[in-house]
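Colleague: Protein chains in written order, with the numbering used here: chain A, 1 to 333; chain B, 334 to 628; chain C, 629 to 948.
In case anyone wonders, no lab produced these hints; they're calculated from the structure. Just so it is clear, the structure is predicted and the values come from calculations on it, not from any experiment. A virtual CB, placed ideally from N, CA and C, is assigned to each residue, including glycine. Don't take each hint at face value.
To be verified - Simulated crosslink set (SDA-like; lysine to any residue; CA at most 25 Å straight-line):
(1) A:Lys97 x B:Ile534
(2) A:Lys140 x B:Gly528
(3) A:Lys97 x B:Leu535
(4) A:Lys89 x B:Thr456
(5) A:Lys89 x A:Lys203
(6) A:Lys89 x B:Pro532
(7) A:Lys97 x B:Gly530
(8) A:Lys89 x B:Glu522
(9) A:Lys137 x A:Gly210
(10) A:Lys89 x B:Leu354
(11) A:Lys89 x B:Val379
(12) A:Lys97 x B:Pro532
To be verified - To give an idea of the interface, some chain A residues facing chain B are shown, with a C-beta separation under 7 Å as derived from the structure:
(13) Arg96
(14) Phe103
(15) Ser108
(16) Ser109
(17) Arg113
(18) Thr115
(19) Val126
(20) Met129
Stated by the list, open to error - Stretches of chain B that chain C covers, calculated by requiring three or more beta carbons in the stretch to come under 8 Å of a beta carbon on chain C:
(21) 407-413
(22) 428-434
(23) 480-492
(24) 509-517
(25) 522-533
(26) 537-551
(27) 603-617
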Amino acid sequence: MIVPGAAPLVEARGLVKHFGDGQGLLAPRRPPVRAVDGVSLTIRRGETLGLVGESGSGKSTLGRLILRLIEPTGGSVTFDGHDIATLSKSSLTQLRKRMQLVFQDPFSSFNPRMTIAQVLTEPMVVHGMGDRAGRIKRAKELLDLVGLPSFALERYPHQFSGGQAQRIGIARALATDPDLIVCDEAVSALDVSVQAQVLNLLKEVQRELGLSYLFIAHDLNVVRYISDRVCVMYLGKLAEVAHADDISERPRHPYSQALMASIPSPDAHRQLRTPLAGEIPSPRRPPSGCRFHPRCSQSIDGCDRDEPELLTIGSPSDARSVACHLFDPTSAR
Amino acid sequence: MSIAISGTARAARRPRNRSGLVRFTREQPLGAIALFLITLFVVVAVLAPWIAPYDPLAQDRVNLLTAPGVGGHLAGTDELGRDVLSRSLYGARTSLLIAVSTLALGGAIGLVIGVVSGYFGGTWIDSALQRVMDALMAIPSIVLLLFVAALLGPSVRNTVIALSLLVIPSINRVARGEMLRIREEPYVEAARSVGCGTPRILIRYGLPNLMAPLFVMGSLLFAVILIAESALSFLGIGTPPPTPSWGRMLSEGRSQLEIAPWMTVVPGLILSVSVLAFNLLGDAMRDFLDPKQRR
Amino acid sequence: MLLYAGRRLTYGLLVLALVATLVFLIIRLIPGDAVRLQLADAPGVTQAQIDQRTAELGLDKPILTQFGHFVGGLVQGDLGDSFDDERPVTTKILERLPATLELGLLAILFGILLGVPFGMLSAIRHHSVVDNVMRFLAVIGMSLPNFWLALLLITFLALWFGWSPPLVYASPTEDLGQNLIHMLLPAIALGAATMASIARMLRSSLLEVLGSNFIRTIRSRGASERVVVLKHAGRSSLIPVFTVLGLQVGHILGGTVILERIFAIPGMGSLIFEAVGQRDYPVILGCVIVYGAIFILVNVVVDLLYAVIDPRIRYEGASA
């Protein structure tokens, strides 16, 4: 339930993150890894924004930049109107209450020495929420919300299955009643049948609590199932941003098209219209011009020279943003 | 409710500790024997005043330098007529006291340095601390002990201080190594994302997860301390008389090597067996706790 | 490679400098004036005498000045003069160093000569009786305090063979035969732990390599077991043995102190022991620094040897 016209919850502008510049004196000089190279996006309240891309596209880094678990090299992130980069340490801790993260591998995201009760109540303890009895009560409520029995509280993480552990991860993320949850490949490590259960749980929780999600994954199929809008990311930059249905039916960017085409489908016509050639290049040395051009089957003259900007195109009912010279009326032909 | 465990769960699992002792005995029989010996050592050391047949300082003028079994002295007597067995038992007491104190003091300091160093690995804090540790380790142990104990003078307290300097770098190395690994674990990132501050992370996420290798190192260090303390006492710089100490007994026995070898053999044997036991236990713990998951 | 060597050496020097500084600070900062302690036993010592001695030894100047003198001297190889007999510390150390080095080297030699074959044998016949016996002996070897082992050996030889180690030390140049006999027992006592360590390390390393794919390939080509072990597996499994040596050097150096005392060998170990008894701080300081330098040097050499054997190390070492 996205509130139309309301101020966005999260606004990222020109986010940049380079790793590996400024090494020790004697390390060989190498160009930095340009994990995120100028990304702007918004997440509205109650919305699920999908973020899809291959490994190495920088999507996990982007998620962490938004949560300020990593410091950006450039750009800014605004959460509920506050620029999170300027926050003091205590304000940042306050902020952590409102945005949480669900990890890809649930087991390694839990301290093996902590019981589930401790795992769930820790966020509350850190933020000074309630007293001991109140926290246990809330922990039980959280378990109930994600569909787990309350005697799970005394168990240790390794005693659960993947799907159950991921539910606990979601419960932990909900403990502080956040406004935003970043799901970083939250279902990628699960068996397919379990994936559907967890995705439905996420949707249900969102419906009940009105949260926003930033759903990061490499599987477009999963992403479009749960998202309202989808961002497609390639090598540190956004290729396309559109509504979930639009991305599926009418992908515009050649990369989006290739991603869609690679989804197995019984419909033979959809297969292999624009096959994806080659491998993703190293983020240390992105190709010149449009980063996708070496693998693009529709590249034109100029794609290897100028980087395309993310431009809004289309009619109001089909509004979307694409970064591709094919759709840029001003690019030279 | 049966909790089905899927494939991904196995990778992250650690053995539970409740049935651990039983499993330990089954898998590491040598280690179990060692553990038994060590328990024996501790019990004997603690109860020495009650189980020693004679007062360790009492001189039996009738039976000087008597062989084991003669005159009611199970392990013989030394040149002053003191019962070797009783002195050995009390020596165990001294050694236990010193070793435990040393591990506590040196272990605490080494742990703090290692944990802080590891968590802030790569920064100047880490570099500075580790250089100091390197300098400490560059001096061979006995030399270092001589140096410090000589400066401070012989006493039990000073021996503990000197021996702690031996312990600190080893504990530091283990703690730092583990912390560097733990720091990269997703659960630390999860803790930060939940809002945990650094102290909380170090105490609740760092410490509990590095206990296992720390115990292994602790056992091995116990052995080192036993030997080092004896060496110091042997040289006359460690535990001062009249407190019974294995090292000094060995030193006293040296002048009577051909006449009364038991003065040297008995305390040395007990010392060696204790050291052996701690070494075996450390090895067994290491094997028990570690490679299982790799297989 | 040269770059790596340079970095490693610089690092070693840095640590040595730190050792020297630490030791200097500790000595100067402990309570208890060196002079007072020295003159404490002499009857009727006046304050004037104390002051005079203090000034003589330069202990009345501010710490920084003293440190400056110390560093200045150090760089030139001058470690000051002994409190005891006023001779230069460096001279005294150099007199004693050869005996200690000889003892240490003999111990290491003993450790290698016995440890390597034992380790190999253990690995080749692993899980056999021979192997288990050797492994047990190895653990025992590592657990026995070296001075106790020395005493045991002396007792054993005295009681059963009526033989005692010579009381007077002869340098190798004077009487090589007697020198070696003199050094035999302490070298064995000292080297036992090293032998045990090497045997254990070699065994596990060899077992690992022998089970690896690359050895399987060589075997499948029909090479005899001996060739497999000696030529191919041997080389790669020797690497961890160097680690052991690097670690053992510390123990060996430390062990020389006690063993020199037991066997009346005039080496650096006895020197530092005497100096401690006399509160001869310059000598103590000098000995600690020299011991530290030897240890650091050996480790640098071991690291460089590693880098020669395993090229990965040279390049990985770039990003510390």
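Colleague: Take the C-alpha atoms of Lys89 of chain A and Val379 of chain B, compute the straight-line distance between them, and say whether it is at most 25 Å.
Modeller: violated, 51 Å
Colleague: Are 3 or more residues of the stretch 509-517 of chain B near chain C, judged by a Cβ distance of less than 8 Å?
Modeller: violated (count 0)
Colleague: Counting residues of the stretch 537-551 of chain B that have a beta-carbon nearer than 8 Å to any beta-carbon of chain C, does the count reach 3?
Modeller: This one is violated; 0 residues, fewer than the three required, reach chain C with a Cβ under 8 Å.
Colleague: Sort out whether Gly530 of chain B lies within 25 Å of Lys97 of chain A, counting only the CA atoms.
Modeller: holds, 13 Å
Colleague: So, as I understand it, the hint says Arg96 of chain A touches chain B; can you test that by seeing if any CB pair is closer than 7 Å?
Modeller: Since the shortest Cβ distance to chain B is 4 Å, the answer is holds.
Colleague: Three residues minimum, CB to CB under 8 Å: does the stretch 522-533 of chain B make the cut for coverage by chain C? Let me know.
Modeller: As far as the stretch 522-533 of chain B goes, the hint is violated, because 0 residues have Cβ atoms under 8 Å from chain C.
Colleague: Just to be careful, I want the Cα atoms of Lys137 of chain A and Gly210 of chain A compared with a cutoff of 25 Å; is the pair within it?
Modeller: holds, 22 Å
Colleague: For Lys89 of chain A and Glu522 of chain B, compute the direct alpha-carbon distance and say whether it is at most 25 Å.
Modeller: OK: Lys89 of chain A and Glu522 of chain B at ~17 Å, within 25 Å.
Colleague: Is Lys97 of chain A close enough to Ile534 of chain B, meaning Cα to Cα at most 25 Å?
Modeller: The hint holds at about 17 Å.
Colleague: Next item in the hint list is Val126 of chain A. Is there a CB on chain B closer than 7 Å to its CB?
Modeller: holds, 5 Å
Colleague: Quick one, are Lys140 of chain A and Gly528 of chain B close enough, alpha carbons at most 25 Å?
Modeller: Distance ~21 Å between Lys140 of chain A and Gly528 of chain B Cα, so the pair holds.
Colleague: Measure nothing beyond the straight line between the CA atoms of Lys89 of chain A and Thr456 of chain B; if it is 25 Å or shorter, mark the hint as holding.
Modeller: holds, 20 Å
In terms of the numbered hints stated before, the structure departs from hints 5, 10, 11, 18, 20, 21, 22, 24, 25 and 26, listed from lowest to highest.
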